[in-house]
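Listed here are the chains, written in short residue letters.
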Amino acid sequence: MTLILTALLGRLPIGYLQLTHNPGRLMAALAGVAFANVLVFVQLGLAGSMLESVATPYRLFQPGLMMISASGAQTLSDASKIPRQWMIRALAHPDVEGGKEIYLGQAKWLSGQQTSSSIQFIALNPDAVDFVRHDLSTPLSGLALEDSALVDLRTRFIDMGVFENTSPDAAITFEMQNRQLRAVGSVTIGGGFGGDGVFLVSDQTFFRLFPQRSSAAPNHILLKIRPGANHDKVAGELAQLFPADTVRVRPITSAMAEEQRYQMTERPTGLIFAFGVGIGLLVGVVIAYQVLATDVADHIREYATFKAMGYRMNFFVSVILEEALILAAIGFWPGLAFSQLFYMALAHLTNIPIFMTSERAVAIFVGTVAACALSGLMAIRKLKAADPAELF
Amino acid sequence: MMDDAPIIIEGLDHTFGEGEAGKQVLFGIDLRVERGSLTVLMGPSGSGKTTLLTLMGCLRDVQAGSARLLGTELNGADEETQVLLRRRLGFVFQAHNLHESLNARQNVLMGLQVHGRGEPGRHHLAASHLLETLGLGARMDYLPANLSGGQKQRVAIARALVSNPEVIFADEPTAALDKTSGLAAVTLLRDLGRLRGTTTVMVTHDPRILELADSIVTLEDGAIVRNETLARAG
Ligand SMILES: Nc1ncnc2c1ncn2[C@@H]1O[C@H](COP(=O)(O)OP(=O)(O)OP(=O)(O)O)[C@@H](O)[C@H]1O
Ligand SMILES: [Mg+2]
Numbered sequence: 006m007t008l009i010l011t012a013l014l015g016r017l018p019i020g021y022l023q024l025t026h027n028p029g030r031l032m033a034a035l036a037g038v039a040f041a042n043v044l045v046f047v048q049l050g051l052a053g054s055m056l057e058s059v060a061t062p063y064r065l066f067q068p069g070l071m072m073i074s075a076s077g078a079q080t081l082s083d084a085s086k087i088p089r090q091w092m093i094r095a096l097a098h099p100d101v102e103g104g105k106e107i108y109l110g111q112a113k114w115l116s117g118q119q120t121s122s123s124i125q126f127i128a129l130n131p132d133a134v135d136f137v138r139h140d141l142s143t144p145l146s147g148l149a150l151e152d153s154a155l156v157d158l159r160t161r162f163i164d165m166g167v168f169e170n171t172s173p174d175a176a177i178t179f180e181m182q183n184r185q186l187r188a189v190g191s192v193t194i195g196g197g198f199g200g201d202g203v204f205l206v207s208d209q210t211f212f213r214l215f216p217q218r219s220s221a222a223p224n225h226i227l228l229k230i231r232p233g234a235n236h237d238k239v240a241g242e243l244a245q246l247f248p249a250d251t252v253r254v255r256p257i258t259s260a261m262a263e264e265q266r267y268q269m270t271e272r273p274t275g276l277i278f279a280f281g282v283g284i285g286l287l288v289g290v291v292i293a294y295q296v297l298a299t300d301v302a303d304h305i306r307e308y309a310t311f312k313a314m315g316y317r318m319n320f321f322v323s324v325i326l327e328e329a330l331i332l333a334a335i336g337f338w339p340g341l342a343f344s345q346l347f348y349m350a351l352a353h354l355t356n357i358p359i360f361m362t363s364e365r366a367v368a369i370f371v372g373t374v375a376a377c378a379l380s381g382l383m384a385i386r387k388l389k390a391a392d393p394a395e396l397f
Numbered sequence: 486m487m488d489d490a491p492i493i494i495e496g497l498d499h500t501f502g503e504g505e506a507g508k509q510v511l512f513g514i515d516l517r518v519e520r521g522s523l524t525v526l527m528g529p530s531g532s533g534k535t536t537l538l539t540l541m542g543c544l545r546d547v548q549a550g551s552a553r554l555l556g557t558e559l560n561g562a563d564e565e566t567q568v569l570l571r572r573r574l575g576f577v578f579q580a581h582n583l584h585e586s587l588n589a590r591q592n593v594l595m596g597l598q599v600h601g602r603g604e605p606g607r608h609h610l611a612a613s614h615l616l617e618t619l620g621l622g623a624r625m626d627y628l629p630a631n632l633s634g635g636q637k638q639r640v641a642i643a644r645a646l647v648s649n650p651e652v653i654f655a656d657e658p659t660a661a662l663d664k665t666s667g668l669a670a671v672t673l674l675r676d677l678g679r680l681r682g683t684t685t686v687m688v689t690h691d692p693r694i695l696e697l698a699d700s701i702v703t704l705e706d707g708a709i710v711r712n713e714t715l716a717r718a719g
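Sequence order for the protein chains is A and B.
Count along the first sequence from 1, then add 5; that gives the number in the working numbering.
Count along the second sequence from 1, then add 485; that gives the number in the working numbering.
Excised from the complex, chain B in its bound form (with noise of 0.2 Å):
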């Protein structure tokens, strides 16, 4: 039986540097991401989280070990191969990393056009209609300078989320907001997966999100400590 998991990481090693002042960061590390489950990587700082999500996430090549994503292996994938992923991927940034000469609408086009040029009417409808879910009708033509941090992660939700993607790779994209409007994005991240069947894998350290995962990984010194899979009604 072919095997569907959206992740499947086996053996994986990191290392930062080369030679004497080569550092390695992770350790052999095998995991499964289930389709449409929201798994949190928690762990001490340092502990290698980001660099795992990068890894997974293709934007960073795999040096050793194995790792698929959505059925391709991604060590030794060319160019051309990583950036036809990458449009089945969404990214939440910590920082929102919108571009500052855009609007909020303009900012989730971007996450359309990168498919090709499309219908310019119904791209510009389906970003409208996530803007206004997620709260923001009133603001779609405000540039980010003009938007709360809030509204401006919600925006990076909207542009992650715009093209249907299979997988959302988010990296603490609570940080930088305050407890409730954190909690709102998450929740919003989730609740969007759910509905679309969106596999999300999100790095944090905000406890009331663990109650929303369905997994829960924990990195130590760039090893897997501890995977505990969530029963969850429903």
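Bound-form chain A, shown alone (with noise of 0.2 Å):
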């Protein structure tokens, strides 16, 4: 390892070697550094969890373009009504192959006598097997059927196994609404904001469960585009049919960045999180500087000596940046580990979407080690007290 290090830096591993001096001390800090970054690994995880989870009911549709109205744009669940007159307009749009309503509700589900979970109901007309992901199409018919229903298997708070094996062949029947639906099948979305779980239901049924809505009021409209033509042109000019500030006109990819972007910014749970990584890497660099501002007083003298025989600044920062450096390529490693054991012990007991991506550990990792190289630089002024001439 020496002999690497000093090829590599061209000189001798001095921050290397006083580190492995003392274990104690290196286990401790590399201990400091994989606590700070499991603290930053479950906030992004959280983060990224939530991201996720605004994701996933975008993603039961094709790509195409999305109508809501102005008023309570910023999700998906919260989307006021708009009138389905505007569809009709929309299709007139030479682009515009064809567009489905779709209506939102929200219903409790109660599964014992204790527990009950919000469920949130997405409707749309059995037919629209065009506007659903490919492997939803199937299914989507079969909804045709009165008061049957997709149910989500990753629904919080009550236990959906007994759904797992679902058909319409093998339904399984349960009450809500003060009617009976039957489970013909599932899908797998999960909690988010507007909910513990999205059931799927047809328009018709949908009428059924909540009575006061009407078909001519939807929450969103789907629209399909002709196949080339450019979504976000269509969008704008779609925008242009409508009077200002009445409807907004996206491309559902746009309309699902936008949610996140407000979930992020907007809301108070983004900044929780960004409070935690903040608190994260404070951990980080306020435990990476003691043990480097310790290890340079440690060594105050010889650095005094290096100084007398001649050794710049330079050398002693790139010492110091050495040992920053060590102890973020070795302590991310158990942070790395023990925050996947956490993510999958979370994702098991609370059935949120929580798991490791490539991007997080790449960008914890660049993070860890600036900020050891910046508690490495707060430790240089401890350099200072290194004076030659109190050497004799």
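Hints were generated in silico from the structure; no laboratory data involved.
Treat the hints with care, since some could be wrong.
[Stated by the list, open to error] Listed next, the in silico DSBU-like pairs over lysine-lysine satisfying Cα-Cα at most 35 Å (straight line):
1. 508/B x 389/A
2. 238/A x 86/A
3. 113/A x 86/A
4. 229/A x 86/A
5. 113/A x 238/A
6. 387/A x 664/B
None of the values given here were measured: they were computed from a predicted structure.
Since each chain sits alone in its own frame, please combine them into the complex, following the hints.
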């Protein structure tokens, strides 16, 4: 190791030798860096799982345009109602091939004496097979059967195990809104900000569950665009057809990205995650600084001797940065391993879509290196105490 | 004719602290050290020997008067000038000041590395060779913690000598050693110095070392009270 580092650095790896000379301190430092890593990983994991749960319902649909009332356009589930006539108007555009209404409603599902889950219903016409993801087209047409539903296997607070093998031939009956519903299939979406789970039903079933809702006032309108047409361009042209500030027409992917941005930047949740990441970084910087500064203080006579020998400031900077990078590069891995375990435990216990992504791992590695380097640069101030005149 | 004495000091004063609290410890020092000589500084404790040594050795800023080291005026010398000068010097401290996490050879290598990357193989050889000369051939891979006081001091001497410095400054290099190994260390410094034409300035109280000196300078209360050059055969 010393030989490799010597070749790499073009000098003796003083930082490495110094760190490994004191294994107790090295271990403590690595544990600290790993701990800070876990903090940041958990925060970013939770933030990532939030973005993921925001995105999942949008992914039910084929790429296309989505119309939504301008009020409540931030999220999929808070959408206000819009007149269905707007769809007719939009269909007049030469690049719009078709349109379908989406109705949203919330209802409680009492699954036991104590537990209940809030279910977000997404309803659309069973004919709309061209508007949903390919694997959903067949289950969707199955919803034409009165009072049938696709239930969400990831619904929170309820053990959905019994629903795992539901099919049109092996439907399971359950009660909601005082109606008997039949689970004829399942989806995997999970709880988000609109509820604890998402159930898909046909528009007809929806109106029976929510008798006060009218087919003339859907929450969203999906538009299918002629292949080859530019979605953004069509969206812009369609928006011109309606009074300003009444409706927003966007590609579904943009709507998804906008809601993710909204949840991360304009809701307290996003702030909390940012705060958590900040705390993690701070803990890491403080621990690394503490270790590096103590190490400098412990070797102040040696550093003063090196100064007397004619070593320049940049030599000391490079030794301290060498130490910082070693701490970062080694401390990261146990942090990553622990976080991976933590994600798995969390996903298992809470059903939230939390998992490691390589982008996140790389980003946190880079962040760790930067944070440790910052600590090192702060510890360099301690070198001022190294005065070669005091050596004799 | 150009004066080639490595150290020429004229009217050097030094004061610690400022204003009322200031304490002047050196008064109008004039001193000339010849190339290749072994000059011993002596005098009672607190007479200013160490202070003078650190000023000559470019480890402390010169406040008043003139000190020329290897042809460069130290009064007002900037950081870079100091760094470059220090690389032409060797220091042996009273405490060995070896780096605890570097072994003997690595400590000596630090004396070479300051001059740049060089050829690692050649550096290695030079360090090993010098340690062998100093009788430490079997101890090169030992950490300082596993060396005796005398061995550590010899490693420190090797570190100071390995880059062929033009001037060596030593402050009571034998204080931490017993009599025999102390004398051996100084003899070694002097012999290597002679061999290479190195100038050595050494603070010491050890009377036996005086016999080895070319010149003895005595300080009292911050002033030179005696400066004897010893006629030496050869
Ligand atoms: N950093 C300092 N700050 C203030 N005063 C100092 C400092 N270093 C030395 N002195 C004072 O300067 C005077 C000369 O000290 P110096 O160390 O040069 O003496 P010395 O001849 O080397 O003594 P010794 O034989 O005890 O080593 C002493 O009075 C000492 O107290
Ligand atoms: Mg002294």
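Hints versus structure:
1. 508/B x 389/A: Roughly 24 Å separates the two Cα atoms, so the pair holds.
2. 238/A x 86/A: 25 Å, holds
3. 113/A x 86/A: 21 Å, holds
4. 229/A x 86/A: Satisfied, since the Cα-Cα distance of roughly 20 Å is no more than 35 Å.
5. 113/A x 238/A: Not OK: residue 113/A and residue 238/A at ~40 Å, beyond 35 Å, violated.
6. 387/A x 664/B: Outside the cut-off at roughly 38 Å; violated.
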